[in-house]
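What follows is each chain in one-letter form.
Protein chains: 2
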Amino acid sequence: MKLHFLGTGSSYPTTQRGVSATMLQHDDGSVWLFDCGEGTQIQAQKVTVSRQKITNIFITHLHGDHVFGLPGLLCTISSQLGLTEEDLKKKRPLVEIFGPLGINKLINTVLTISHSPLAFQYRVHELVPVKEQYPEDWEDTQVDVATLTPHPSELPGTRITAITDSDGNMHWLLKDDEQWDVRAGWIHHRVPSFGFVIREKDRTGTLDMKKLLTLGIKPGPMYGQLKGGNSITTEDGKTITPDMVVGPPYPGRTVVILGDTSDASPLAHLVQGCEVVVHEATFDNSLKDKALEFGHSTPLQAVAFAQSIGAKTLLLNHFSQRYVATSKDKSKNEESVALLEEQAVAALGGSLVNVQCADDFFVYDIPSQPRNMATTQQC
Amino acid sequence: MKLHFLGTGSSYPTTQRGVSATMLQHDDGSVWLFDCGEGTQIQAQKVTVSRQKITNIFITHLHGDHVFGLPGLLCTISSQLGLTEEDLKKKRPLVEIFGPLGINKLINTVLTISHSPLAFQYRVHELVPVKEQYPEDWEDTQVDVATLTPHPSELPGTRITAITDSDGNMHWLLKDDEQWDVRAGWIHHRVPSFGFVIREKDRTGTLDMKKLLTLGIKPGPMYGQLKGGNSITTEDGKTITPDMVVGPPYPGRTVVILGDTSDASPLAHLVQGCEVVVHEATFDNSLKDKALEFGHSTPLQAVAFAQSIGAKTLLLNHFSQRYVATSKDKSKNEESVALLEEQAVAALGGSLVNVQCADDFFVYDIPSQPRNMATTQQC
Numbered sequence: 213m214k215l216h217f218l219g220t221g222s223s224y225p226t227t228q229r230g231v232s233a234t235m236l237q238h239d240d241g242s243v244w245l246f247d248c249g250e251g252t253q254i255q256a257q258k259v260t261v262s263r264q265k266i267t268n269i270f271i272t273h274l275h276g277d278h279v280f281g282l283p284g285l286l287c288t289i290s291s292q293l294g295l296t297e298e299d300l301k302k303k304r305p306l307v308e309i310f311g312p313l314g315i316n317k318l319i320n321t322v323l324t325i326s327h328s329p330l331a332f333q334y335r336v337h338e339l340v341p342v343k344e345q346y347p348e349d350w351e352d353t354q355v356d357v358a359t360l361t362p363h364p365s366e367l368p369g370t371r372i373t374a375i376t377d378s379d380g381n382m383h384w385l386l387k388d389d390e391q392w393d394v395r396a397g398w399i400h401h402r403v404p405s406f407g408f409v410i411r412e413k414d415r416t417g418t419l420d421m422k423k424l425l426t427l428g429i430k431p432g433p434m435y436g437q438l439k440g441g442n443s444i445t446t447e448d449g450k451t452i453t454p455d456m457v458v459g460p461p462y463p464g465r466t467v468v469i470l471g472d473t474s475d476a477s478p479l480a481h482l483v484q485g486c487e488v489v490v491h492e493a494t495f496d497n498s499l500k501d502k503a504l505e506f507g508h509s510t511p512l513q514a515v516a517f518a519q520s521i522g523a524k525t526l527l528l529n530h531f532s533q534r535y536v537a538t539s540k541d542k543s544k545n546e547e548s549v550a551l552l553e554e555q556a557v558a559a560l561g562g563s564l565v566n567v568q569c570a571d572d573f574f575v576y577d578i579p580s581q582p583r584n585m586a587t588t589q590q591c
Numbered sequence: 213m214k215l216h217f218l219g220t221g222s223s224y225p226t227t228q229r230g231v232s233a234t235m236l237q238h239d240d241g242s243v244w245l246f247d248c249g250e251g252t253q254i255q256a257q258k259v260t261v262s263r264q265k266i267t268n269i270f271i272t273h274l275h276g277d278h279v280f281g282l283p284g285l286l287c288t289i290s291s292q293l294g295l296t297e298e299d300l301k302k303k304r305p306l307v308e309i310f311g312p313l314g315i316n317k318l319i320n321t322v323l324t325i326s327h328s329p330l331a332f333q334y335r336v337h338e339l340v341p342v343k344e345q346y347p348e349d350w351e352d353t354q355v356d357v358a359t360l361t362p363h364p365s366e367l368p369g370t371r372i373t374a375i376t377d378s379d380g381n382m383h384w385l386l387k388d389d390e391q392w393d394v395r396a397g398w399i400h401h402r403v404p405s406f407g408f409v410i411r412e413k414d415r416t417g418t419l420d421m422k423k424l425l426t427l428g429i430k431p432g433p434m435y436g437q438l439k440g441g442n443s444i445t446t447e448d449g450k451t452i453t454p455d456m457v458v459g460p461p462y463p464g465r466t467v468v469i470l471g472d473t474s475d476a477s478p479l480a481h482l483v484q485g486c487e488v489v490v491h492e493a494t495f496d497n498s499l500k501d502k503a504l505e506f507g508h509s510t511p512l513q514a515v516a517f518a519q520s521i522g523a524k525t526l527l528l529n530h531f532s533q534r535y536v537a538t539s540k541d542k543s544k545n546e547e548s549v550a551l552l553e554e555q556a557v558a559a560l561g562g563s564l565v566n567v568q569c570a571d572d573f574f575v576y577d578i579p580s581q582p583r584n585m586a587t588t589q590q591c
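One line per chain: the protein sequences are A and B, in this order. All you need for our numbering is the position in the first sequence, starting with 1, plus 212. All you need for our numbering is the position in the second sequence, starting with 1, plus 212.
Hints were generated in silico from the structure; no laboratory data involved. If you're wondering where the values come from, they're calculated on a predicted model, not measured in any experiment. Don't take every hint at face value.
Unchecked claim - Among the chain B residues that face chain A by a calculated CB cut under 8 Å, a handful are:
#1 F280
#2 K317
#3 L318
#4 V557
We put the beta carbon where it would ideally sit given N, CA and C, even for glycine.
Construct all of the structure, not just a fragment, from the sequences and the given hints.
Right, here's the structure in full:
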């Protein structure tokens, strides 16, 4: 899996830096997009990953620098799909969109008023915020969710409400299938903001073909039974258990991608160790008060959170446009992202051994977890 | 007055070319923006004209490549205004927005859901289309215009309905003040699309100071009366008429800026001669059928229209992304905008003496009209 940072600036896009958009490219080539500020579709043209591979879009919160590029991206994906009318009649691709309550109304309204047809179907899953997420001065805690006329390409969506555990901690369950467990947690910001915890499930180990053939078991349905965790009995009456012929599992990786936040601690209960966390650092440590006032973080806060969840790597993004990207200025002065990176590096500790400020188009290859060869046989 | 082309591509923005956005910069520095596709605010950073100078925004039609950049542009203008709270309490700048019915709902919904405050006020004037503008297959001729809760920065807007003259021709009146006469006309496209006719009113000629002093009239209120077109009587009983001391008027210029169209003739009755018309040429002449199918034009069609309204200069824009900009490829092959320009030049005729394909960031200085020195006294 790889993370591709398409936009690492905050507030508004500039000619030097895009606003929030991060692609998570899976091993099978499919892409999950996290946030979609204005110009994301242009930034996406500068990388080798195709916009057409996007299957899931996750929006952390509804501020413009995280969502204004979404209608345009959907239209452009559609116009470039190159599907024939026959393809469309048979089966159209599906894009799943997850975001805070209100995201569906935004998408639906903009696509409808602009009279934009889509060559694929989409379904919106809205995360319903809890009262803790609304600032005290929020006048209208209720988003107007009057029934919208569905867009012709819109499949019925869902509302995802918070699950509260016995300790009073909350999360939202987005996906739980054979491959993935994806949950959201709430984080402090000026508007309801979420972080996403993406867990790749452990994959079954590899069959030891050499040993199977030695045991006289030829390729066939028994292989599937063994890989599925079941014992089998051979024609000559021998019982073969999976641990005899299936290698150790491939441990899944955990990736945490947060929205804007001045304090992500309400999400921490969801993570006990992860390969990488993407956390904002809008301002440098000297502007901590300003960061707090606007619901943002400093490198020091981001490092403390990464340590608290046992992260191995911390990638920072969402830099105020006052800071020049490290690729343009390495001087670590008060107007350079290099300063923020220096402040973060200085605070490294715990399991956290790596920190980096992401520049636009930075690619991070998420390392595989080491397999525990000692406890099971090698395949 | 100058035209600044910020985006000259159609459909979706690329790294090479933006989508529709054209600035009309007035002599006093203020700017009117025509269309605002995604990324317009980024393109605007590449020119010397400030986004903060925008006082009026005109949207030709509601397709995404003409409007998806509008919410982001409004937010960024706001964030960079740098007004103090005191300024805001006293008087905030006003941006007037004109566009087809539905534009207010789009702006209101996006700004409200994204919880975007604005440091200026805005007012939306919606042009109500006539039935001729709706394609036959348009299922919902009615835009849902249920009452919206006004955005905190939104002043009550207006609805502008078509005026039909005795010949059955229609237009929409947008501005009629001392300086400007701005009207819209409808043009054929797949969705209701407008063209804007901007007429600078004639400005009064200059007072002939030398002659005034010879006549014994010293600077004072009488100068204003003469310039305002009134005769005066001097202390010694002489009658002075304006034509004796006021030079010939400065003739106003006329600029026509069209939205997407396969046929702009329904607007032609509004223009009898103009300095410049901006007309789309999405496809080259060989793709005339495709152009018509998608509601677009070829260079030949654009030239014919420009000739029909007595335009002196025709500027083409809204090129399919299949064509490479002239600045990148001058070879006039079938994948170059240079081919479209060649096709247009070949068709020049009538009053039309100049044609050019606009590249992104092309600036056109609209020439002053010659003053008719023969009929009035020189100042």
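Status of the hints after comparison with the structure:
no. : hint : in the structure
1   : F280 : holds, 5 Å
2   : K317 : holds, 6 Å
3   : L318 : holds, 5 Å
4   : V557 : violated, 31 Å
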